[in-house]
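Student: The residues making up each chain are set out below.
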Amino acid sequence: AQSVTQPDIHITVSEGASLELRCNYSYGATPYLFWYVQSPGQGLQLLLKYFSGDTLVQGIKGFEAEFKRSQSSFNLRKPSVHWSDAAEYFCAVGPSNDYKLSFGAGTTVTVRA
Amino acid sequence: DTGVSQNPRHKITKRGQNVTFRCDPISEHNRLYWYRQTLGQGPEFLTYFQNEAQLEKSRLLSDRFSAERPKGSFSTLEIQRTEQGDSAMYLCAITSGPYEQYFGPGTRLTVT
Chain A
1 AQSVTQPDIH ITVSEGASLE LRCNYSYGAT PYLFWYVQSP GQGLQLLLKY FSGDTLVQGI
61 KGFEAEFKRS QSSFNLRKPS VHWSDAAEYF CAVGPSNDYK LSFGAGTTVT VRA
Chain B
1001 DTGVSQNPRH KITKRGQNVT FRCDPISEHN RLYWYRQTLG QGPEFLTYFQ NEAQLEKSRL
1061 LSDRFSAERP KGSFSTLEIQ RTEQGDSAMY LCAITSGPYE QYFGPGTRLT VT
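Residue numbers (this note's numbering), protein chains in the order written: chain A, 1 to 113; chain B, 1001 to 1112.
This is chain A alone, in the form it adopts within the complex (with noise of 0.2 Å):
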């Protein structure tokens, strides 16, 4: 069975600071991993995602993230945050055949100024 755990429930960080957010992931196989983020009474908007390849990968609004296959990990990451980066993150791994998705917990992050 696939499960993923994010264990940083809230981060708050300053405005122009860099953000890291953690991500552990169990699965089989090769997995599919995807960051997406939630606006408060929003849906998800994917960030980006990771099928293979090069491990680390670009996203939109400025984000990237490193697939470490020892470590089970796949933490996103952004170099200097804005203030409209505030939001919740979603870490996601999913099988290659049916594409269901699952799901962390999730991260508040919220931006100081």
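Do not take every clue at face value.
Derived lysine to any residue pairs resembling SDA-like cross-links, with alpha carbons at most 20 Å apart [as the list claims (entries may be wrong)]: (1) A:100 / B:1099; (2) B:1057 / A:3; (3) B:1057 / B:1070; (4) A:100 / B:1069; (5) B:1057 / A:1; (6) A:100 / B:1068.
Calculated from the structure, these hints are not laboratory results.
Based on the hints, put chain B in the right spot on chain A.
Tutor: Chain B alone, transformed into the frame defined by chain A:
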């Protein structure tokens, strides 16, 4: 715009009533998924369709829940005899490209 609309966006209903939600992809997509998201949690898979066929249902989907995709385009999710525990955001997603899922804005259900 993810190309997926959901209606209604909000639904308040009394316990015991039936409700129906609709998901409309803008264009045709083979696979369509329903997820449920409760407060403070990530989305949980409910069911998915490939064209008209419902291929899998989660154990979360009790017999009070039914989903259809009659023509392989839009989909409906019905909850009969709603309970307070059904209060959640119901999200629809479609696959586009190799593996990505794109989500609609969701329908927030409140059962009073």
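Student: Each hint needs a verdict: does it hold in this structure or not?
Tutor: Hint-by-hint comparison with the structure:
no.	hint	in the structure
1	A:100 / B:1099	10 Å, holds
2	B:1057 / A:3	18 Å, holds
3	B:1057 / B:1070	17 Å, holds
4	A:100 / B:1069	17 Å, holds
5	B:1057 / A:1	16 Å, holds
6	A:100 / B:1068	18 Å, holds
Violation of the numbered hints given earlier is absent; every hint is satisfied by the structure.
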